[in-house]
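There are 2 protein chains.
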Amino acid sequence: MGNVTIPVGQAVQQSAEAEADILKGVFAAHRLLAVNLVSSPGSGKTTLIEALIGALAGRKRIAVVEGDVETDIDAARIRKHGVQVHQIMTRSSCHIPPFMLREALGRLDLGSVDILVIENVGNLVCPAEIPLGEDVRVVALSVTEGDEKPLKYPLIFRTSSLLALTKIDLLPYVRFDVGNVETAARAINPEVGIFRMSSVTGEGIAAFADRLAALHDAKVG
Amino acid sequence: MGNVTIPVGQAVQQSAEAEADILKGVFAAHRLLAVNLVSSPGSGKTTLIEALIGALAGRKRIAVVEGDVETDIDAARIRKHGVQVHQIMTRSSCHIPPFMLREALGRLDLGSVDILVIENVGNLVCPAEIPLGEDVRVVALSVTEGDEKPLKYPLIFRTSSLLALTKIDLLPYVRFDVGNVETAARAINPEVGIFRMSSVTGEGIAAFADRLAALHDAKVG
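These protein sequence lines map, in sequence, to chains A and B.
If you want our numbering, it's the position in the first sequence, counting the first as 1, plus 14.
If you want our numbering, it's the position in the second sequence, counting the first as 1, plus 14.
Incorrect hints may appear among the rest.
To be verified - Have a look at the derived ranges for each label pair, beta carbon to beta carbon:
#1 B:103 to A:93: 40 to 46 Å
#2 A:185 to B:31: 42 to 48 Å
#3 A:32 to B:189: 49 to 55 Å
No wet-lab data here; the hints were simulated from the structure.
From the three backbone atoms N, C-alpha and C, an ideal C-beta is built for every residue, glycine too.
Full structure from sequences and hints, please.
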């Protein structure tokens with residue numbers, strides 16, 4: 015038997031896109047807005063989701079899929095808010111694989127969901143490469159992380175339609191130029207919608223929640 | 015021709031370990047201490063290296079290999095301190111691959127280096143799985159990231175012999191229980207050496223620098 019050359023990367027990518035199309039069909043069938051929330055570990059994704067649940071209460075029905083390498087700490091936090099939640103543990107995977115999301119969706123009552131927030135594994139590289147059929151990709155960047163991050167991780171900033179600048183209450187205590195990061199983000203993605211926010215003070219949360227609600231309205235027309 | 019089953023993951027891992035052994039040999043031949051510095055994006059790795067260069071000046075000769083997906087921003091920062099530095103751009107890779115480190119070493123004068131600091135790509139998942147032949151793996155965790163991180167990313171905390179708790183100057187402004195994180199880290203890795211530090215105030219930098227200097231002394235005996 016001779017050597018066999020297998021274009022593994024290409025095959026994986028095609029499979030990921032086919033999987034994403036299946037997920038997109040599930041979201042469309044249930045008339046829900048799927049939000050893929052990506053960031054570094056510790057940017058405040060879970061806290062942002064908790065704030066959104068409050069801001070959208072009575073307007074939109076939220077469900078959450080949590081993705082972590084290990085533990086169900088985040089799902090336990092979300093569950094206290096009385097919304098549907100399912101925890102994915104990816105084990106060694108640095109992103110939520112589409113097949114795991116498909117399994118998770120089977121455990122939720124999607125007929126009673128308007129906005130599904132998928133909190134991806136904390137990572138600025140891997141989740142950028144794996145579409146989950148989402149309507150909106152949101153990248154969160156906390157002001158403690160450094161304003162050069164869009165330049166260092168261009169793919170995730172290019173493929174996210176919204177940028178959540180989190181923890182702006184900490185701006186007085188860190189070296190972080192909001193203007194620099196906004197310029198860098200727009201150079202990579204001119205259409206990006208940028209929201210400055212703090213889950214501690216509540217600043218900017220309502221505007222961000224309104225944008226997601228409007229995107230759901232537009233989808234279900 | 016029938017189907018062929020290829021244990022890709024296993025083959026990749028064996029190759030990575032063989033590559034790491036080669037690197038270990040290079041470090042031993044040059045009697046230098048290799049430090050693999052890992053963390054989330056924005057935990058303050060580059061700033062910590064800058065502080066270490068100052069703290070070790072006149073005692074140990076430092077060289078730095080910077081790893082980022084894109085840009086040479088970090089190498090430019092380090093170069094200003096007058097030490098040898100080489101920037102690796104990994105493009106789509108979420109960690110420094112051993113072969114790229116090997117190439118980088120060829121561009122440094124290793125005969126005049128005591129401590130080589132390798133700043134890995136900002137990521138708590140991928141770098142944990144790829145040994146670089148290092149003598150010491152240091153995981154940095156900033157106090158803005160959340161004290162549950164050792165539970166969520168156990169592999170990187172288990173395989174790191176030192177934990178640098180960075181940005182402790184921000185403790186008054188964030189919800190972060192240093193006791194919790196130390197307990198979680200020691201549950202995963204009882205032998206871990208924990209250093210609380212701030213590159214802004216300088217607190218803890220000297221103790222951490224002394225530890226690295228002592229590890230180099232012990233290696234070259």
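Outcome of the hint check:
| no. | hint | verdict |
| --- | --- | --- |
| 1 | B:103 to A:93: 40 to 46 Å | holds, 41 Å |
| 2 | A:185 to B:31: 42 to 48 Å | holds, 44 Å |
| 3 | A:32 to B:189: 49 to 55 Å | violated, 42 Å |
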